[in-house]
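Sequences listed follow chains F and E, in order.
Mapping to this note's numbering: the first sequence position 145 is 145, numbers consecutive.
Mapping to this note's numbering: the second sequence position 404 is 404, numbers consecutive.
What the hints contain is simulated information worked out from the structure, not anything from laboratory work.
A quick note: this is a predicted structure, and the numbers were derived from the prediction, not measured.
Even for Gly, the Cβ is constructed at its ideal location relative to N, Cα and C.
Hints should not be assumed to be uniformly reliable.
Unchecked claim - Rough simulated footprint, nothing fancy, chain E against chain F, three-plus residues with beta-carbon under 8 Å:
no., region
1, 23–36
2, 73–87
3, 113–127
4, 137–146
5, 153–159
6, 162–169
7, 172–184
To be verified - Under the rule of at most 27 Å between Cα atoms (straight-line distance), these lysine-lysine pairs were calculated in the DSS-like manner:
no., chain 1, residue 1, chain 2, residue 2
8, F, 173, E, 519
9, E, 263, E, 301
10, E, 301, F, 21
11, F, 21, E, 2
The residues making up each chain are set out below.
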Amino acid sequence: MGIFNIVIAGVGGQGVLLASKVLAESALASGMDVKQNEVHGMAQRGGSVISFVRIGEEVFSPVVIPGTADILISFEPLEALRYIHYLKPGGMLVYNMVTINPSTVASGLAIYPADVEEQIAKACPDAHGIDALSIAREAGNAKAVNMVMVGAVMKKLPINAEVVEGVVRAVSKDKGVDVNLRALKGGTAA
Amino acid sequence: MKKIISGNEAIALSFGDSGGVFGSGYPGTPSTETLEEVARLGVVYCEWAPNEKVALESAIGASIAGGRALATMKHVGVNVAADALLTLNHTGVNAGLILMVADDPGMHSSQNEQDSRNYAKFAKIPMLDPSNSQEAYDYVRDGFEISEQFDTPVMLRTTTRISHAKGVVEQKEKIEPKIGPWVKDVPKYVMLPNYGKIKHVEIEARLLKLQEFAENTHLNRLEMGDMSLGIITSGVAYQHVKEAYPNASILKLGLAHPLPENKIREFAGLVGRLMIVEELDAIFEEQIRAMGIRVDIGKDKIPLCGEVNADIIRAAVGDAPVESMAPITALPQRPPIFCPGCAHRGLFSILSKLKVFVSGDIGCYTLGALPPMSAMHSTICMGASISAAHGMAKVNEIAGRTDKPVAVIGDSTFFHSGITGLLSMAYNKGNALVIIMDNRTTGMTGGQENPGSGLDLLGETARQVDIAALVKVLGIDNVAELNAYNLAETEAAIKKGLETPGPYVLVDKNPCILRYRIKQPVIAVDPEKCSGCRACLKAACVALGLDAAAAGEKPKVQVDPNICNGCGVCVQLCKFDAMSATDGRQ
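Sequences and hints are given; from them, build the entire structure.
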């Protein structure tokens, strides 16, 4: 196989890192080479976050180049739009429809685009929006949005679902295992 | 066993596996997790130093006492440690010593993007430049061997995409630490001029030996393929080169300094076009051109600023980049901002209102420079807030201006290099207001312990410095406490500090809500009372937003209860009594 590129976008604090870790560990457990990379630091303070997971026989660069992502997972609609050019033609976009105001909007300096969903659909007609927050709440914890999002792309991954479940079990803290597994399943069904 | 770890984690793991004895550093993105991981692994003793100079000097002492030592820092930290480094290159080491420096091309979280390879050349010492997590692991062991073999400190350089990128690593057999003798050797360790002169000659001789070593070491690798294009590269740039041209002939330099001149000459003779791919400065290119070797593609095509990627390399060769749709522009930006509940929000609301000149510093509070606060007017480097405010005040005095500058600095930055500035202000009859935001942690790098937090890197109880007492001992008579959550009190305290002649220090002791997981009941808005005036939005809090108003009506403010931390700054900004804490607090 060639290199399978995943881009995960979101807002600092949403759990983009853990979602990336689950995907990377799952690839390793499936016997593939993997590189995972995100930019943190300043971005933790409610800023825009982007993370890359690259899977294949031998992966060189840790960075995904625009126009080459097989999957874009966005935890927030505006961030989906911000990074949508990373998708390759025919690439898959799954995004959480629950919006989070950027500080520029919260302080009245900018307006959140009311037509964000239309803009996404225009740029990527097959984009799939889900209410990850409600699914996470049903699973037992609003913070499990990241596992819902991983579940939502599961069928498109070059990795078996059982492997991903095993990794989720391994990385979850005791009480979180059941919630995270339910969130993963909820995402897969969405 | 194979595991996926970051470059920082790999360095920490290898430090424990390679006979490491002592680690010290100062937090700084992207280097921070290295020492944190050393602490978590629990194999080697490690500690946070108040700044990078102290970290390197402590590592020097550890090496002299016979223990393999590691000092970690970000690129700008080496500027602070440079005084030690540029004489450490003279003394050499007893046990191996590695200075790990993490560069930040693209400035993801830094105030500049200086290229640390300049320091290796400047100090005439070897530098290792790993291109992935496995090499980051391997080069720690190589680094200690080189350090001891050549009696030299070794720099291990990463960049953000090495430090933070995760890749597969295979661990090697563990080498047990062997602590060598602690020997008195005056001509080696006392750099009086007469001894220094001898050492300078030795440095030049050592560099020649290292150049010879560079010709044959496994660290520099030839990968011969298509001979029409030959690329010399190192670090993460190598990975981008492989991504763009997997079949090109490559001379991969694991040792970024000194360069293997013969090997480069031989390689250049074998290939058609010679290309040099390096991030930031033209360090290789300038040296290779000085060897009289023709470079066909270099910094004329590869930018001096920012990160390199496969597309930039393809374009430099003259090939078409990957086609992609145009990025959607005109989207609202999402810059980082103070966390909901952060005490900095109250302070900067008032500084913004009072329109004073704020001499700033490095930390979360630097975000006070961004709109809508726009209340920070200079930020240079660690500690500069206080010293620069002092210089401003002196010129204001000379010019007959009455405005008093305000310096804002955090606890960790104050310990790092604010204390000396404040000492100067006291000593030289200064006239600035200094606000120390003592949130009991090193916040921007993710919440590390410091001399004010009461804990050390290993999680053990530590001496906690009393900042107010320290300030008084430095010679500042006017020291008062501040509670930045109370806007009226904060305004009054700042005004008093500005009106009182001479140096004046305010200390806010509210802890970091993120580090100490503080959460208060959320704020609620009464839509009947909200006038839609937006005064509260000046708090720049992401928990606030406007509702979808009916046509012809002003949108009203709403609070997102999932995000609100209940600090109450917005409540105090509201002139219509429309906001209140849900637990009845005033």
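Hints, verified against the model:
For the region 23–36 of chain F, the stated coverage by chain E holds: 7 residues have a C-beta nearer than 8 Å to a C-beta of that chain, and at least 3 were required. Residues of the region 73–87 of chain F lying with their CB closer than 8 Å to a CB of chain E number 8, which satisfies the three-residue condition for coverage. Against chain E, the region 113–127 of chain F contributes 3 residues with a C-beta closer than 8 Å to a partner C-beta. That satisfies the three-residue criterion, and the hint holds. Coverage of the region 137–146 of chain F by chain E is violated [criterion: at least 3 residues with CB-CB distance below 8 Å; count 1].
Using a Cβ-Cβ cut-off of 8 Å, 0 residues of the region 153–159 of chain F lie near chain E, which falls short of the minimum of three, so the contact claim is violated. Restraint check on the region 162–169 of chain F versus chain E: 0 residues with Cβ-Cβ distances below 8 Å, three needed, restraint violated. With 0 residues carrying a beta carbon less than 8 Å from a beta carbon of chain E, the region 172–184 of chain F misses the three-residue requirement, and the given coverage is violated. At roughly 22 Å between alpha-carbon atoms, residue 173 of chain F and residue 519 of chain E fall within 27 Å of each other, so this suggested pair holds.
For the hint linking residue 263 of chain E to residue 301 of chain E, the alpha-carbon distance of about 24 Å falls within 27 Å, and the restraint holds. Restraint check: the Cα-Cα separation between residue 301 of chain E and residue 21 of chain F comes to about 35 Å, which exceeds 27 Å; the hinted pair is violated. With a C-alpha separation of about 15 Å, the suggested pair residue 21 of chain F and residue 2 of chain E falls inside the 27 Å cut-off, and the hint holds.
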